[in-house]
Amino acid sequence: MTKEIERVGVPTAQISAIYDFAMTTGANRVVRGSRIEHVCGDPELGLEKDFAYGLRIVRTALKALQTPVDGPMLFDPSE
Amino acid sequence: MGGPLRVVHYLNQFFGGIGGEDVANMPPRLHDGPIGSGRALQQALKEQGTVMATLICGDNYINEARDNALAVIVETLRARKPDVLIAGPAFESGRYGLACAEVCKAAQGVGIPALTGMHPDNPGVESGRPEVCIVPTAASPVEMQAALGAMVRLALKLGRREPLGSAEIEGFLPRGVRRVYLRDAPGYQRALDMLAAKLKGQPLTTEVPILIPPRVPPAPPIADLSKAIIALVTTGGLVRKGNPDKQVSANATRYFRHDVAELESLSGKDWEAYHAGYFNHIVNKNPNYILPLSFMRDFGHRGEIGGVYPWIYALPGVSTPVAQARRMGADIARELKEAKVDGCLLVAT
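Going line by line, the protein sequences match chains S and E.
No gaps in the numbering here: position 43 of the first sequence is 43 in this note's numbering, and each next residue is one more.
No gaps in the numbering here: position 267 of the second sequence is 346 in this note's numbering, and each next residue is one more.
So here's chain S without its partners, still in its complex pose (with noise of 0.2 Å):
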């Protein structure tokens, strides 16, 4: 699906913790999510830091969206 919206023309990051799946099934631009059950944060992290980390891993996909690429890439929030 990811690839169908980049396909048109649309910038299209996809967030998942599977995200070597992701990257070998062809998505252009891939961001490391937390985990399945909670893709954009961690809820044993308490209210705040859990918030910050959705944050993170949002910003890093806003910040896929601005990157140029040639070709399957990942995009970590932690580095």
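I should point out that these hints are in silico values taken from the structure, not numbers from a laboratory.
Don't be surprised by glycine CBs; every beta carbon is placed ideally from N, CA and C.
Treat the hints with care, as some may be off.
Label pairs and their in silico Cβ distance ranges [unchecked claim]: (1) S:Lys49 to E:Ser245: 47 to 53 Å; (2) E:Ser398 to S:Leu45: 27 to 33 Å; (3) E:His380 to S:Lys63: 15 to 21 Å.
Short, incomplete list of chain E residues facing chain S, as computed with Cβ under 7 Å [what the hints assert, rightly or not]: (4) Leu149; (5) Pro292; (6) Val295; (7) Pro297; (8) Ala355; (9) Phe358; (10) Tyr368; (11) Ile369; (12) Phe374; (13) Arg376; (14) Gly408; (15) Ala409; (16) Ala412; (17) Val420; (18) Cys423.
Starting from the known structure of chain S, fit chain E onto it as the hints suggest.
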């Protein structure tokens, strides 16, 4: 069922014996009985079927004026009421292959079983998925006899409305359609047999062939994020609380879109996850984990993004065949493109 099958044959201008590129713009023409390569089809059918009529259309015409061409073809099919439509084979010819796939879809749309044949690399193969049975042929019409033989076998089954086995058994190209059926041995046994065969260097056939996914050229990046409208999509099975749309929890064939223009965040009071592929309880407390609206609003208030597209898109992305995902992705893509959305975040569980 008794009597020979009533067959309508679809051909392009060349195989219909009318001409080459000079007549590629000809609109559909009806001919009674077999003509051109249809004579070979009639021979392959023997007494089991009769080519009662042939529809011939120019390859350019049907690809450029598709709706007009298909309207005429459908009208003819309705009038003639064949048991089955056979299109082509198109071999390696791209326009002809696309035409054959479209004609088959149109025939199936009015309840007439249809099939075609072409080389596996013909773009018509992709366009025919997942609806159309396409028999793989060689690249060149030199192999016409072999192609027609394989197509006739399948056409008789389809025309008699006999149940079809898997693509592998029936000899058509896999369409990405999954059916549930009982195997003669349980999964662990089949897996161990496969492993044993592999270790011994014996031939084995996987039950889940892995196709190397084709690449898509990357979209250009967003130049000015502060003016960009960003759409949010999730395959995490997000539904409105209580699932009033009755979305399925797996193998979805459609997505739902929801208006979030007025929302700051997704609350567990109003939204939940219905997805058979992971434990949903954490997301049910905070649905923003699979559709990050709260975070995006935060960026919006700080002027870092232009805004969030008011419609969100959701489905459960589990057990979804690739062909279905591709179709739904293409539909969402079309909507986002028309709405001039600048970028998209897709959360995949």
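A quick look at each hint next to the structure:
no. : hint                            : result
1   : S:Lys49 to E:Ser245: 47 to 53 Å : 51 Å, holds
2   : E:Ser398 to S:Leu45: 27 to 33 Å : 31 Å, holds
3   : E:His380 to S:Lys63: 15 to 21 Å : 19 Å, holds
4   : Leu149                          : 24 Å, violated
5   : Pro292                          : 5 Å, holds
6   : Val295                          : 4 Å, holds
7   : Pro297                          : 4 Å, holds
8   : Ala355                          : 13 Å, violated
9   : Phe358                          : 6 Å, holds
10  : Tyr368                          : 4 Å, holds
11  : Ile369                          : 6 Å, holds
12  : Phe374                          : 4 Å, holds
13  : Arg376                          : 11 Å, violated
14  : Gly408                          : 3 Å, holds
15  : Ala409                          : 5 Å, holds
16  : Ala412                          : 4 Å, holds
17  : Val420                          : 6 Å, holds
18  : Cys423                          : 4 Å, holds
In summary, the structure is inconsistent with hints 4, 8 and 13 from the numbered list given earlier, while agreeing with the others.
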